[in-house]
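**Q** With the hints as a guide, bring the two chains together.
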Amino acid sequence: MTHLLDPQAAAADAAPRREPPPPFGDATRSEAAFRAFLHGLPGVDQVGAEARVGVLGTRSIKTTAKAWAIDTAISMVDLTTLEGADTPGKVRSLAAKARQPDPTDPSTPRVAAVCVYGDLAGVAREALTGTGIHVAAVATAFPSGRASRAVKLADVRDAVANGADEIDMVIDRGAFLAGRYLDVFDEIVAVKEACGEAHLKVILETGELVTLDNVRRASWLAMLAGGDFIKTSTGKVSPAATLPVCLVMMEAVRDFRAATGRQVGVKPAGGIRTTKDAVKHLVLVNEVAGPDWLSPDWFRFGASSLLNDLLLQRQKLRTGHYSGPDHVSVD
Amino acid sequence: MSDRLAVRKTYKLYVNGAFPRSESGRTYEVTDTRGHFLANAARASRKDARDAVVAARAAFGKWSGATAYNRGQVLYRVAEVMEGRHVQFCDEVAAGEGLSSSRARAAVDAAIDRWVWYAGWTDKLAAVLGGANPIAGPYFGFSTPEPTGVVAVLAPQRSSLLGLVSVLAPVLACGNTAVVVTSGARPLPAVTLGEVLATSDVPGGVVNLLTGDAAELGPWLAEHDDVDAIDLTGAPAGRAMELERLAAGSIKRVVRPPSEEPDWTADPGTSRLTPFLETKSVWHPIGL
Chain A
7 MTHLLDPQAA
17 AADAAPRREP
27 PPPFGDATRS
37 EAAFRAFLHG
47 LPGVDQVGAE
57 ARVGVLGTRS
67 IKTTAKAWAI
77 DTAISMVDLT
87 TLEGADTPGK
97 VRSLAAKARQ
107 PDPTDPSTPR
117 VAAVCVYGDL
127 AGVAREALTG
137 TGIHVAAVAT
147 AFPSGRASRA
157 VKLADVRDAV
167 ANGADEIDMV
177 IDRGAFLAGR
187 YLDVFDEIVA
197 VKEACGEAHL
207 KVILETGELV
217 TLDNVRRASW
227 LAMLAGGDFI
237 KTSTGKVSPA
247 ATLPVCLVMM
257 EAVRDFRAAT
267 GRQVGVKPAG
277 GIRTTKDAVK
287 HLVLVNEVAG
297 PDWLSPDWFR
307 FGASSLLNDL
317 LLQRQKLRTG
327 HYSGPDHVSV
337 D
Chain B
38 MSDRLAVRKT
48 YKLYVNGAFP
58 RSESGRTYEV
68 TDTRGHFLAN
78 AARASRKDAR
88 DAVVAARAAF
98 GKWSGATAYN
108 RGQVLYRVAE
118 VMEGRHVQFC
128 DEVAAGEGLS
138 SSRARAAVDA
148 AIDRWVWYAG
158 WTDKLAAVLG
168 GANPIAGPYF
178 GFSTPEPTGV
188 VAVLAPQRSS
198 LLGLVSVLAP
208 VLACGNTAVV
218 VTSGARPLPA
228 VTLGEVLATS
238 DVPGGVVNLL
248 TGDAAELGPW
258 LAEHDDVDAI
268 DLTGAPAGRA
278 MELERLAAGS
288 IKRVVRPPSE
298 EPDWTADPGT
308 SRLTPFLETK
318 SVWHPIGL
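Order-wise, the sequence lines are chains A and B.
Going by the working numbering, the letters in the first sequence line up with residues 7 to 337, in that order.
Going by the working numbering, the letters in the second sequence line up with residues 38 to 325, in that order.
Hints are computed from structural coordinates only; laboratory data are not their basis.
Incorrect hints may appear among the rest.
Claimed, not checked - Label pairs and their calculated CB-CB ranges:
id, chain 1, residue 1, chain 2, residue 2, range
1, A, G90, B, D150, 53 to 63 Å
2, B, R63, A, G95, 47 to 57 Å
3, A, G90, B, G98, 17 to 27 Å
Said to hold, decoys possible - Simulated pairs of lysine-lysine, BS3-like, Cα-Cα distance not exceeding 30 Å:
id, chain 1, residue 1, chain 2, residue 2
4, B, K99, B, K317
5, A, K282, A, K72
6, B, K49, A, K322
7, B, K99, A, K322
As the list claims (entries may be wrong) - Sample of chain B residues lacking proximity to chain A, with all beta carbon distances greater than 10 Å (derived):
id, residue
8, V44
9, K49
10, D160
11, W257
Quick reminder that beta carbons are idealized off the backbone N, C-alpha and C, glycines included.
With the rest of the complex left out, here is chain B (with noise of 0.2 Å):
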């Protein structure tokens, strides 16, 4: 029997619904933990950063004026969609992280697992994170949460699925819409994500993966103006603190990194959820 040629895969951006190719026709090769080449990525550079962030502020009215109940069936949808390509995923995170194949299953069963879990928290957060205000005065103050807007993600550099999901998700869970630089060197399962976004029924331009160098986009996306908030747990080593000053200039919201990247199989709580919350307060009187 011949050997079939293999069929060697150039991946591209996800970027408003669609796949493009970087601006800058730029790609890199991405291997395994032994160095043997799995597939080449695109390596996006600050314009597509820029588009991306066009498409997540065009996609952000729609996907914030979802019900939350709507926002939670659509966030389902897409763990339905991640466990049709279980298999896919397990091969993608053994091969980038140097899993077996069991320890790689139990990865990509916990991301889907987080992704349920979170796609529940959408209706609610209201309940949990607002309510009704004790006040001494003749009217009622009630807070609710909003999304913030705009939240661009640096993933986590080594869980390449788990932990981009544990980031991930909690940001669309509370309706923002999303700018994701993935892990530089592990960033298959991530394409995979955007293959299984695509497909879903999340609409285009709330979730945009630019696969890529972090310490490069990362400057671009702390400086826009018209980003809301960043997460810098992908940061580079020793980076965090330029992007956190970088991100003051606009105000943004800033998630900084723990000094080492978790354990995400760690039960997350509320702690990524509140961040890429506003309160909204309002009052009215009390009829008399």
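If we strip away everything but chain A, and leave its shape as in the complex, we get (with noise of 0.2 Å):
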């Protein structure tokens, strides 16, 4: 590989590899060994998941905990721009939105982060200052991943310069399906070193990864080489964040705790556009997970429409009678 951007990269590359952590830690010995462990991780009944989300899908959240619902995943919210029309006025604007969803009502909560491309994170980072809400990037050739790695590091530590605390990358989608699972592992370990102090959210892209063996496969490789949190999709993709796929991925997330003590978020992205859809997440995270994940720090959303649709749910509770799309913020 060349490295015309970046000499570090090169040096990057001949240290040795980082072990994943114990109990794990001779997975990553060799290609076949990896591709052993990989492979040997329990199959997914596919009809099965999609059973048990259809059964946890029907669970009704009504009055109260419903209020409690529409609260919690606004504060999970990745208030998400990731056009190419995008400009530092619609991410102030966004950012204004994230600090005060709902103007009319000062209770509501604000959101966990704003989701930018990597050239606005300072706009965001400047807009949000004091505030606490966090500023995500993404990096690492967003959305398709096709660069050389050196581009990808370089991107990456430009967004941490900008001001962004959150980096979500995405893996190389080809390397995966090829069976190259170490170049795979080896490009996340180098990326969380470049985001140091920043959080890394690894995007598996479910859509393109075709089963949920593979997704399953995606998740413990991304946790096994150091991602604070696994996220479905780029939104690019369709399908995006499905519940077969969260479910999957939740699960992933409680096993690694359970074998490693090292607890693993999880963002579903994309596709997720009304609060019923969020509220079933909810009930699929404490079910599957467990309420240790019912934070902001351990589940995300990432949205741009869900934000409105929350909103309007939450007048609604709020004032007995149904609101409309003029009374939320357009964006």
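**A** Here it is, written out as structure tokens:
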């Protein structure tokens, strides 16, 4: 590999491979061993997974429980804009919405983070200073991930330097599907190192992984490599976050904590547009991973239009009558 | 000859161009004026009303943006399809309202003619209700009527087809989308009108028909922030003032109900067109 942009990357390539946490320390000793480990994970019963989310989706969450769920979901939102047409003005207005989602009701909780492209992280950081709202930036040649590692690492360092304290990276799906798992592992490790203090969310892009078995393997791979969060999708590929995928990922973080003691967060992103969808995800979190994950530190929604629907439902509960899209901001 | 078993019908709602059951799963029996069973109808719930408003709002952009000419053609086509269902409408009106077959036929004829009449209004509204304003200044001023938005209609309780058409067609002719609560006891002509609309060129969501109880659904629609106007013609006796008060919270246009259901065969004039239009005035300077 050539390293025109970044001589440090060459040194990183030459450095000894970082080991996964015990008891999986030797899983990455060779390509064959790592493949054997990932393929040795229990298979996912797809029909069973769909049936399980189907049953959990019928839970009736009403009145005070619904109010709690809505406020919790708002506080978990990573308010996102990832368009080619993004401008500093749009990011500032998004930041204003993040600070005060519903100007008619100051008791509305703030969202967890604002998620933008790396070049706009500085604008978001400036607008959010002192609020406790995180600035997340997508990096590593988002959304395709098709660039050399040096470019990806430069992308990450740039976003962190601009003020991002959370980095959303994409894995190399081509390498993953071709079975070059160690390449993917090494890349996540390198990105994690480039992040420094910043939190790392690893986007698996489950819509391109095809099977739930692959989702489980990619989840474990990302957690072993040191990801702080595993995230379903970029939002640019359909299908994005589906409930069965989320179920498999919640099981993965639960099992990973049981084995290693380290807790990893989950972020479904893309395709979650209604309060009902969000509540179904919260039920899934509670039933599969447990209440430890029911906090913005461990569970996030990557969304843009979801927030408005949550606010409309919140207004409905508060006033007793239906609200309309004229009563939330256009974004 | 053996008696053929009757096909007992259970009708559904008409929302967003489809025919869903009520979210609540409720139905009620519709009888003729002598109490004989006619069919089952869905009893819409507040959540059905909510879904209907969402559908009407989504459909508003396309319907209000269509040219007046096109809107007129689409509405005229509805009258054509109604004509094809003439016999069915006559049977339902006769049974529901207890009319003789000749009087029922007259009512259906009048309803279809009324629809055609309103279809003709689409491209005349701007000329009659808008125009150039006389202004003492160096600029032009123009006013044009624009549709109000999503209109909730509590349809007349007694006149099940002519009354329904008389309140619904003007809402559509102006370019609004509608959420209609049909006559509670006589919903069948409205159900058939839904089938007519579904097979005509009216886009899904422009008209949403909810069968059920106006006393139950009225307050939810009156209070709904995303409904821009409400026609209280079919409001339950004595409840109109309460509904008007609820509607004030979101500054809706309100059409008050007459003290008694009017004679729908009379010439309607423009009194049902103007309440659902907003006047937009623009000015631009005279070139010097």
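**Q** Take the hints in turn and mark each one as holding or not.
**A** Now the hints, each set against the structure:
no., hint, verdict
1, G90/A - D150/B: 53 to 63 Å, "holds, 54 Å"
2, R63/B - G95/A: 47 to 57 Å, "holds, 49 Å"
3, G90/A - G98/B: 17 to 27 Å, "holds, 25 Å"
4, K99/B - K317/B, "holds, 19 Å"
5, K282/A - K72/A, "holds, 10 Å"
6, K49/B - K322/A, "holds, 27 Å"
7, K99/B - K322/A, "holds, 27 Å"
8, V44, "holds, 33 Å"
9, K49, "holds, 22 Å"
10, D160, "holds, 29 Å"
11, W257, "violated, 7 Å"
Comparing the model with each earlier hint shows a violation of hint 11 alone; every other hint is respected.
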